[in-house]
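Trainee: Since the structure of chain A is already known, use the hints to place chain U on it.
Number of protein chains: 2
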Amino acid sequence: MDMAGGMPTRRDMLHAIGVLGGASVLYQAMEAMGHAAESQFAGPPNLSGARPGASVVVLGAGLAGMLAAYELRKAGYTVEIIEYNTRPGGRNWSLYGGDSYTELGGATQKVGFAKGNYLNPGPWRIPYHHRTVLHYCKAFGVALEPFIQLNHAALIHNSKAFGGKAQSYRELAADWDGNVAELLSKAIDNKGLNGVVTAEDGDRLKEALRTWGMLDKDMRYVRGEHSAERRGWDRPPGGGINGAPIPSTPFDFSEVRKSGVWRAFAQHMGHERQTTMFQPVGGMGMIGQAFGKQVEGLVRYGAKVTRIDQSGGAVTVTYTDVASGTQRIAKADYCVCTIPLGILSQIELDASAGLRAAVAAVPYSNSVKVGLEMKTRFWEDESAIYGGISFTDKPISMISYPSGGMTSSGPAVILGAYTFGPASYKFAGMTPEQRVAEALEQGSVFHPGRYKEEFSNGTAVAWSRSPFTLGCCAQWNEDTRKEHYQTLVAVDDRIVLAGEHASYIGCWMEGALLSSLDAITRLHKRALEA
Amino acid sequence: MDMAGGMPTRRDMLHAIGVLGGASVLYQAMEAMGHAAESQFAGPPNLSGARPGASVVVLGAGLAGMLAAYELRKAGYTVEIIEYNTRPGGRNWSLYGGDSYTELGGATQKVGFAKGNYLNPGPWRIPYHHRTVLHYCKAFGVALEPFIQLNHAALIHNSKAFGGKAQSYRELAADWDGNVAELLSKAIDNKGLNGVVTAEDGDRLKEALRTWGMLDKDMRYVRGEHSAERRGWDRPPGGGINGAPIPSTPFDFSEVRKSGVWRAFAQHMGHERQTTMFQPVGGMGMIGQAFGKQVEGLVRYGAKVTRIDQSGGAVTVTYTDVASGTQRIAKADYCVCTIPLGILSQIELDASAGLRAAVAAVPYSNSVKVGLEMKTRFWEDESAIYGGISFTDKPISMISYPSGGMTSSGPAVILGAYTFGPASYKFAGMTPEQRVAEALEQGSVFHPGRYKEEFSNGTAVAWSRSPFTLGCCAQWNEDTRKEHYQTLVAVDDRIVLAGEHASYIGCWMEGALLSSLDAITRLHKRALEA
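Protein chains in written order, with the UniProt record's numbering: chain A, 1 to 530; chain U, 1 to 530.
For reference, chain A alone in the conformation it holds in the complex (with noise of 0.2 Å):
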C-alpha cells in the first residue's frame, strides 16, 4: 500500500483490505464500493512466512502449476516442478513454422508455417474480465493486442439458407434486428401485448424499435437508406460524380432465421466472447514462455509422473526422465498436482477414495484445431475482413482470420477448423494431412475458387491424441459438481490439485489460475497449522 502520494485512494484502500482480509473480503470491499463484479481476482495473494525449509513438488508446467510455483516461491517454500513436456505452458501453447509435434498413435507434423506465423491448438483468446490472465501477463511483461471476435464483414454459412451460400454477419444481423423490430412493433399494433404492455409504453418502445431496428417513418424494415446505413449499399456512397449510393436490399427474413445469425449473436454477446478480448503478440503460447521464465531453474522437463505417494508425512512423487528413461524421485511437504485428470487417472495416486472417485468421475471433451496458412491475406485485401470469425454448420464450425498483422503482406495463418462434439472424434481419426485437407476443403464455402488457390501449408492437432492431456478440458455437469467438485477441489492432507477442471470457468486460463490461487492459499494456511 503506497500512501506516499497523499491519501488513500480508493484502489490503496481495495489493495490494502485484499492483503489484510484475502479474496473474499475484497470481494465483499469491492461489491459494497459499487465496482462491477468482474472477476474473482483480488491481486496476486498475499502468502509470505512459510515455515523455514518447507517445500512444495507442482506437478506440472502449465500456466496453474507455473503460477501455483511462482507465488509459493515467494512465500518462502522451496519449489520444484515436474513436467511431462520439454516446454513450459501445457495447453497454453503456440505450434510455430519448424516446430514438430508427435501425437498419439505416432503421426509427427513438421510446421511449415512462415517465420512469425502460427496455430495456437489451445486456447486462443483472452475476455477483457478474465483478469487474473490480464494482471499476469502485464506482470511478466507479455504483450497484448486485440483479438477480434465480432466482425460485421465475416460470414455466416449454413447448407440449410441461401442455397448454401454464405453471407455477411453485417446482412443476417441488421436483418435480424430490422424483421425483430418490424414483428414487435406490428404486435403491438395488433394488441398482441394487450396487458404485458400499456399502450403509452407500446407507443415509448416503438419508437425505441424504429431507431434499433433501422425501420422507416411506417415501422417497416425494407429497402432503403435506413437499412442500408447498417447491411450496406449495393453502391456505397462515394465522391463526386458518381457519389450517390444505391441501397442494398435486405434479404428474406425466413433464410435469415434459417442461417442461424441468431445464434452468431449469442456467440459474440456471450460475456466470455464480448468485446474486449485481447491475445498476445505472436502467439498464446508467448504466456506459457513467459510463466516459464519466472519459473527458471525449478522445472524438470521431460519427467513423466508414475506415482504420487502422500505417507510417511511427505509427499514423494515417482517419475520417468522420458529421455533416459530412468526412473526417479522427488519429495516435499506438500503437492499441488495440475495434472489433466484423465491422465491423473492412470497414475497410481495415494490419496483419499473420495478424491480418487472424483479424478475419475470427469471426462474430458475433445476438440480439434486446424491452421492452414495462405499465401496471401486476401480475405484482408478482396473481402474486407480483418480478424473475427465466420461460422458454418459443416463439422469445421468456424474459420477464424487472424487478429494479429492485420492490413501486413505477406503468408499468414487462418484458424480453418475449430470441432465440437462429435465431429471431433470424426477429425481425430484422419491422419494429419487428411484433417488439413478436410478443413480446407469445408472452408472453402466461405471463399470459393480463393481458398484452396491461396493455400500453403496446414497442421492439426487433436486433443483426444494429445499425449500430455488425452483431451481438450474437463466437462462437468451439474451431478458430478454435486457429487465430486468440493472433494476435488478440497486439500487431501498434503495435495491439493488446480487446473481448469478444478474451477468454474472449464477450459479457460483464468478458471487454471484462479484455482491455482485458491489452492496454493489453502494450501499455504494447511502448512501453517500443521
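If you are wondering where the hints come from, they were derived from the structure by calculation, not from laboratory data.
One or more hints might be untrue.
Covered stretches of chain U (chain A as the covering partner; in silico rule of three or more C-beta atoms under 8 Å from a C-beta of chain A) [as the list claims (entries may be wrong)]:
hint	stretch
1	172-178
2	209-217
3	238-245
4	495-509
Glycine included, every Cβ here is placed at the ideal spot set by N, Cα and C.
Mentor: Positioned in the frame of chain A, the structure of chain U alone reads:
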C-alpha cells in the same frame, strides 16, 4: 497485371479491368463476379500520359489535395500545392505534447500530454470498408491497429434512467435483447402476429428468439444462468471452493428503454462504425504526415489563398505568404481546389455562377473535441474497460477510452467530449480551459470519484474556431444535394473541387479521397481533350 505466376487470378483480372475500363466498369465486373460491394474504390487510377509541360496547382494539403498531387505527378503533370497551415494533413491531425495551437479569437493552447500521447481533433477511426484510406495507408507505410468502437464493459449514462447512474452496455444490451425476445415470443403466443407469421414459422422463430435473447425454458428473460451468460454475474465463476457463480439480476425493462441503449446499438452496428475499425499507431495525424512525405517538395506551406482566376487560358492563384505578409502568385494550366467551402466562399473565385452558388450553399457543422490526460489507465485496471465509448445524454455526448497502448502503464488520453449540434456552439463559446473543466465535470458521471482525481491536463479543439476550416465538415441536405451537388463536383473550365464536401461520405477521410480520385480522373480527361 502480373501474369508471371501462371494463369491470371480473379484479382489479376479485376485489376486489368480496372486499368482498362476505370472504376465504373470494374465496379460492374466485381458485382458480376459476386464480390460484396464494399466500396467504390477500384484501385489507384491510371492517369498516365499528361501532355508535356502541363501543370496543376492544388489548393490545400489535406488528404484530398495531397492525393491529387501525388497521382497527377505520377501522370506526368507539374504539380504545386498551396497550403495555409505549416503542416500537411488538414483536418487529419493529431495534437501531441509540446504542440501549440491557436484558434480564432486568439486563444493559444500548449499541449501538456506525456510523450506519445495525443488527441485527434478531427478523424479518429477508419471503417473496414473505407478501402481508399486503407489502400493508401498500406501503400504509404502507415501502421494501423484496431480501433475499439464497441465495448461491452463501457457505460451508458442517461439522466432520465437509473437515477442518473451509468450502467454497463453489457447489462443494458443483454436486457434489451432479452426483453424484446420475450415480448415477441409472448406476442406470438397471444396470436398478435396471426396473418403475419404462420404458426409453424412462429414456433421456429420462438426457438431462435430463445437462443438469441438468452431466455429460459419457459421463454422468460429472468435472473439465472442464461441471462447471466450475457449480462454477467453478481459473483462471477471462479476457481476452487468458491468457484460456483451467482447470477446477476436483470434491470427493469422500462429503465433499460429509457437508458437509450437501443441508440448505442444503432451507433455500434451502423455501417460506418461496425467492427473491424482501425486507427494509425501513434495518432490519426500519421496519415497526413505519410501523405506529406509523398509530396515533399511540392508544398508551399503558410500560404493563404486570396484569389483564384482562370482567365487567359490558365489558372492564377494569388496568395499571401503568412510569415512575411507578402503577396505571391502561382500559375498553372489547371487547378484542384480542396479548400473547405466556408473558406472558399470568402475567396474571390473566378468560376461559373452555378459553382459559386454551390460553394455558398452548403453550411458546415461544428464539433468540439476535448482530450483529457489521466495519470493512469484506471478504467482498464479498475473497471476492465479497454477502448470503446461510454455514452451520455449530457452535452459532451460521449467519452472514448484510448484503443492504443491498451494494457500498458503510465498516463493516457481519454477523448473527454465529442459534441454535436447546439452543444458544440456552447462549448466553442468557452475558453479552452473552460471546455476542459466542463468536459471533466460532465464525464465524471461515468467514473465518479476517480475521473477528477486522476486528471492531469487537457486540450480542446472547437472546429468553428479553426482558422483553416471554419467548421467541421459540409452539411448537405436533400435539397442542396439536388440543386448544387453535381454543379459543385463538375469540372468548371480549368478548376475542379475535391474534398469530403464533394462526396456522399461527408466528414470521412474516405469521402475526401474518393472525391479526389474522381475529380482528377475527370480533370485529366478534360486536359487530354483540351
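Trainee: Each of the hints needs a verdict: does it hold here or not?
Mentor: Hints versus structure:
With 4 residues having a beta carbon nearer than 8 Å to a beta carbon of chain A, the stretch 172-178 of chain U meets the requirement of three or more and the stated coverage holds. A stretch counts as covered by a chain when three or more of its residues have a beta carbon under 8 Å from one of that chain; for the stretch 209-217 of chain U and chain A the count is 4, and the coverage holds. Judged by the Cβ-Cβ criterion of 8 Å, the stretch 238-245 of chain U is covered by chain A as claimed, because 8 of its residues qualify and three suffice. Figure legend: the stretch 495-509 of chain U, annotated as covered by chain A; annotation consistent (5 residues with Cβ-Cβ distances under 8 Å, at least 3 required).
When held up to the earlier numbered hints, the structure conflicts with none and fits them all.
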